[in-house]
Amino acid sequence: MKLKHFLNDKTAILTIILVGLVLYWHSLGNGFVGDDQSQVIDNTALHSITNIPYLFSASSFDNGGSLTGIYYKPLMSSFYAATYTFFGPNPTAYHTLSVAVHIANSVLVFLVLAYFLPEIPSLFLALIFLVHPINNQSPLYISALQDDLFFLFGMIALELVQAKKFTLWRLILTLVMLLFSVLSKETGVLFFPIVIIFKYLFDRKHILILTITEAAVFGLYVFLRIRAIGLHPGTAPNAPIATQNLLERVTSMPSIFLFYIRTFIFPKDLSISWQWTVQKFSLTGFFVPLLIVVIVLGLLIYLAVKLKRSGSKSFKSYLFFLSVLLIGLIFHSQVIALDATVAERWFYLPIVGLLGIIGIITNKYVHAGNLKIICVFACLTILLLSIGTYVRSLNFKDNLTLGNHDIKVSTDAYDLESMLGNEYILTGDLETAKMHTQRSVELFPYITNLNNLGLIYLKLGDKAKAEELYRKAIAIAPFYLPYQNLSVLLTAYGDPKEAEKFTADAINKFPNNAKLWLYFSVIEYNLKRYDVAKTAIQRAYALDQSEPINGVYQSLMNNQPLDIRFSIN
1 MKLKHFLNDK
11 TAILTIILVG
21 LVLYWHSLGN
31 GFVGDDQSQV
41 IDNTALHSIT
51 NIPYLFSASS
61 FDNGGSLTGI
71 YYKPLMSSFY
81 AATYTFFGPN
91 PTAYHTLSVA
101 VHIANSVLVF
111 LVLAYFLPEI
121 PSLFLALIFL
131 VHPINNQSPL
141 YISALQDDLF
151 FLFGMIALEL
161 VQAKKFTLWR
171 LILTLVMLLF
181 SVLSKETGVL
191 FFPIVIIFKY
201 LFDRKHILIL
211 TITEAAVFGL
221 YVFLRIRAIG
231 LHPGTAPNAP
241 IATQNLLERV
251 TSMPSIFLFY
261 IRTFIFPKDL
271 SISWQWTVQK
281 FSLTGFFVPL
291 LIVVIVLGLL
301 IYLAVKLKRS
311 GSKSFKSYLF
321 FLSVLLIGLI
331 FHSQVIALDA
341 TVAERWFYLP
351 IVGLLGIIGI
361 ITNKYVHAGN
371 LKIICVFACL
381 TILLLSIGTY
391 VRSLNFKDNL
401 TLGNHDIKVS
411 TDAYDLESML
421 GNEYILTGDL
431 ETAKMHTQRS
441 VELFPYITNL
451 NNLGLIYLKL
461 GDKAKAEELY
471 RKAIAIAPFY
481 LPYQNLSVLL
491 TAYGDPKEAE
501 KFTADAINKF
511 PNNAKLWLYF
521 SVIEYNLKRY
531 DVAKTAIQRA
541 YALDQSEPIN
551 GVYQSLMNNQ
561 PLDIRFSIN
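So the sequence shown is residues 1 to 569, counted in my numbering.
One or more of the hints may lead you astray.
To be verified - Straight-line alpha carbon distances no greater than 20 Å define the calculated SDA-like cross-link-like pairs of lysine to any residue that follow:
#1 K364 to I120
#2 K316 to Y302
#3 K313 to I357
#4 K199 to I357
#5 K313 to S323
#6 K501 to P511
Unchecked claim - Computed Cβ-Cβ distance ranges for the label pairs, DEER-style:
#7 Y365 to I197: 18 to 26 Å
#8 K164 to I197: 13 to 21 Å
#9 L527 to N558: 17 to 25 Å
By construction, these hints were calculated from the structure, which means they are not laboratory data. In this text, a Cβ means the ideal position worked out from N, Cα and C, and glycines have one as well.
Based on the provided sequences and hints, a complete structural model is requested.
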């Protein structure tokens with residue numbers, strides 16, 4: 001490359017940082033959207049760095065005062081806890097963290113690519129990674145920090161093993177980074193084989209010790225995970241595709257692969273949630289996508305064979321990037337049922353493989369005389385992709401803006417309808433809230449949308465329908481919100497004995513739920529069991545000193561009359 005002397009690593013890194021800051025600066029003013037409220041703001045365990053030891057011994061989502069669920073991402077939770085400790089519930093702080101890590105990841109992509117390619121194409125490809133709309137969920141969506149983090153630590157590990165002299169300290173640091181990656185998100189496990197594949201292709205000297213120590217680190221992760229959440233943590237499927245068996249999910253796989261191919265080439269229709277499924281082996285739903293996927297795979301194999309036959313030194317590099325692409329895609333192909341059909345942020349790792357392939361082929365077969373044309377085309381591509389990402393960042397302003405945009409694109413996303421319904425509840429527009437929430441239930445009845453629909457009916461005065469919906473939500477899986485709401489309904493409008501029994505059973509399931517202890521205290525007070533009421537409010541107060549718990553606590557402990565009326569909210 002004749003232009004090489006115009007560029008060095010420092011200049012390239014500064015370019016990536018500058019472009020990233022300019023592109024994403026506007027997004028720092030966006031609010032909390034999607035899962036941000038439940039995963040970060042309402043998740044009190046993530047509000048203090050003093051809880052970090054606890055975060056390594058539990059799941060990631062709050063369920064009535066305790067962290068439960070099938071996810072084990074303690075390092076992600078620790079980053080949230082540190083951010084909240086120093087900045088509180090300030091969305092700008094969280095967005096700044098996400099953008100900073102995404103820019104750092106783009107720098108790492110450049111450094112890894114520069115091992116295989118000259119600086120100029122490595123920089124262009126790293127900038128595409130930085131600005132491509134298929135990647136913008138990671139810097140724009142606070143709840144996607146897990147994708148930023150697992151990639152950050154995994155890429156550091158890959159950068160470490162690229163060193164010519166692989167010392168003991170580099171080995172130890174590589175293993176630590178791999179552990180950090182998988183503790184940030186389960187997908188970090190993909191870097192374990194990726195690192196081994198790299199060493200096998202380019203430097204087999206330390207591959208045995210690396211393989212053995214990787215196995216030990218993975219064993220440590222499995223131990224920590226089982227110790228924290230158990231071998232088979234019980235939970236209800238939270239996506240339509242998760243309710244299907246493997247054979248049923250196979251019908252969706254060609255369309256899943258095609259989604260990522262199409263979105264990489266034409267990143268126009270974007271959404272934070274995709275919940276569609278292909279129900280049968282139809283021409284348009286299965287066979288046409290399968291044909292396209294086979295053609296693309298055939299092209300990738302043809303290029304590999306061509307490089308191999310030409311005796312090119314690029315063959316091993318091509319195999320490495322092809323491995324990264326395929327490993328990332330297969331992992332997200334629904335062989336293991338996931339919590340959505342597809343997600344743009346799941347292409348965060350596979351895109352590195354695809355960009356590497358593009359770089360290898362371009363560097364090998366494009367004539368040097370066409371270099372300026374290629375540079376102009378690359379700059380234009382980066383500009384257009386940047387515009388797309390900037391426009392997309394405007395959607396992340398708040399839940400109403402994001403939901404009303406994405407629901408037009410992803411029409412089968414029950415969780416988007418539920419999110420919109422919840423937002424309209426907060427604004428007091430109950431009819432619009434009811435329309436979206438009923439649509440959500442029709443698409444996929446789940447705990448949250450059933451609970452929200454029950455709340456809407458209660459606000460509209462239909463207590464019987466509200467109770468029916470709360471009980472349907474409770475029947476799906478033990479989640480605290482419908483228990484809280486049904487306890488309030490029974491306490492305010494039902495038989496005191498029934499309210500007492502239900503709330504006591506709920507407390508057995510959620511012993512750290514301050515609101516349930518509050519409701520139980522009020523129930524016992526109304527039943528004139530004042531000593532039991534005092535004991536209950538003391539438990540509530542030990543967990544949460546905010547209102548109305550503090551007011552009830554002061555009244556009961558000072559033997560003052562208690563007059564509390566629950567508002568429906």
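Structure-based check of each hint:
no.: 1; hint: K364 to I120; result: holds, 14 Å
no.: 2; hint: K316 to Y302; result: holds, 15 Å
no.: 3; hint: K313 to I357; result: holds, 14 Å
no.: 4; hint: K199 to I357; result: holds, 18 Å
no.: 5; hint: K313 to S323; result: holds, 17 Å
no.: 6; hint: K501 to P511; result: holds, 15 Å
no.: 7; hint: Y365 to I197: 18 to 26 Å; result: holds, 24 Å
no.: 8; hint: K164 to I197: 13 to 21 Å; result: holds, 18 Å
no.: 9; hint: L527 to N558: 17 to 25 Å; result: holds, 20 Å
Of the numbered hints given earlier, the model fails none.
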